[in-house]
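Chemist: Fit chain B to the given chain A structure using the hints.
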Amino acid sequence: MKKKMDMFFQWKSMGAGAYIPIIILLLISGYTYFNRSLLNFMYNVLPMIELIVPLQGLWWIVFIFINDLEEEGSETIFSYPVKRYKLGIVRVIKFIILYLVLVLLLVYSFNFYVEIGDINLNTLAMWLCTWSFCVSSMAFAFMTITSSSAATIAIVIGIWCLQGILSFKSIFVLLLIGIISLILGQKFLDSYKDFK
Amino acid sequence: MSMNNIVIKNLNKYYGDFKALSNISLEIKPGIFGLLGPNGAGKTTLIRILATLLPCEYEEMRFGELNWRDGESIREILGYLPQKFSMYKNLSVEDALEHIAVLKGTSNVDEEVNRCLYRVNLAGERKKKIKALSGGMLRRFGIAQAIIGNPKLIIVDEPTTGLDPEERIKFRNLLKDLSRDATIIISTHIVEDIEAICQEVAILDKGQVLITGTIPELKRTAENKVWKVKLSEDEYRNMPSSLETIRSTYTDDGYEIRLLSENTIKRGVKDEPTLEDCYLYTIKTKGHKVG
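Protein sequence lines, in the order shown, are assigned to chains A and B.
Heads up, the first sequence is in this note's numbering, so the first residue is 78 and it goes up one at a time.
Heads up, the second sequence is in this note's numbering, so the first residue is 752 and it goes up one at a time.
To be clear, the hints were calculated from the coordinates, so they are not data collected in a lab.
Please read all numbers here as calculations on a predicted model, not as lab measurements.
Distance ranges between label pairs, derived from CB positions:
#1 B:Gly782 <-> A:Lys270: 26 to 36 Å
#2 B:Gly913 <-> A:Trp88: 23 to 33 Å
#3 B:Tyr766 <-> A:Trp88: 35 to 45 Å
#4 B:Gly913 <-> A:Met125: 43 to 53 Å
#5 A:Val178 <-> B:Arg877: 29 to 39 Å
#6 B:Asn872 <-> A:Ile97: 30 to 40 Å
Covered by chain B, according to a simulated footprint, are these stretches of chain A (three or more residues, beta-carbon under 8 Å):
#7 83–89
#8 155–168
Yeah, the Cβ is synthetic: ideal placement off N, Cα and C, and Gly gets one too.
Just chain A, with the same shape it has in the complex (with noise of 0.2 Å):
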């Protein structure tokens, strides 16, 4: 019987670097946990998550790549009989889910110990998915365009402060900015040819 290529093996090949989002989530969540005023939440939470939530998001995406693009010999993988896509886009759409899914048991577990008060836990799940989309989706172009997973921290997290500096605020522009970025990556992936 045949099997499919499984996020299982993807998240072992990380090795101790799968974990890290997992962690500064669970740390981000400790710290409300024991700081819970709608004070504490409102002033340090809040901005804190707003910072570190999103950017986190490229963590996985620049990990799963980093065999593909960036190891010695890693052209091998070129030459097996799988899609491009499948090594890209749809690899990169189930850890993004995946992200997103740690992203909201975050947000809304805030219900069960913070006082939010008049906090919409609702937008702030939004906005956060929607960044994060954003964030992973360029992590995804920027690994693909320059084989370099420090590039690629370096960029996304510049972009990530200028965006920052801007108070830049439309769900619709960052839905468009994560779509065309991976079709980007993808249509990068597609020609690849800078093997090591």
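Modeler: Below, chain B alone, put in the same frame as chain A:
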């Protein structure tokens, strides 16, 4: 022309304005075919084209019924090992091979992984992480991933570079063994590897095929051009630098020099050419013309 031959006609590869490969035409029969050439000759480019990783221009490129225009069909029967290979460092040998078997669409993944592990003598290391493998084991792991799914065409780039003499011999024997079921193309600048296992060879330099044929055919091109001369230490030190020395060996009576020369060498004795002699002679005589 056998239906199992690989036929390449007028292959050209450009990087911008630079012509990396020029009018390559080859017919590769089942067995082990060697691509021999100095660094920068275009071997890796040709290997990557054959592995469907790089596009190029050509009149014809096929393996039996399969055509390189349909890259997917070539990848179905291909096993490829690049010059440097160290993917999935965090995984065990077994896990990585399982994943590769899945990527290759192999049925009976566990059975196939076992078969390949035993074939390359890595069954005892199946639980070891790839980052913990020695250079020789890593090359064998590379071959294991290449032979998963029983490919009909195996392409290996510089397979023995960096291996110690014992590992090198083991690796050659492994390739010889694999050639019973598949056509193998190896690229190398190590003449000894080619002489030990290949039936046919093409010598490349500056993006062109200088000569191609069986090893005895190639050796014949350097016939009557290889000389052995015995020299005293003084004569050796004052030897004109224009002489094309292939090898010099220190003996009890001084030095024994092996030379390449179209003309008769004084006190010289003609010697049987080796593949290395032919390689150096071809690069010297034909390599200059293509440069």
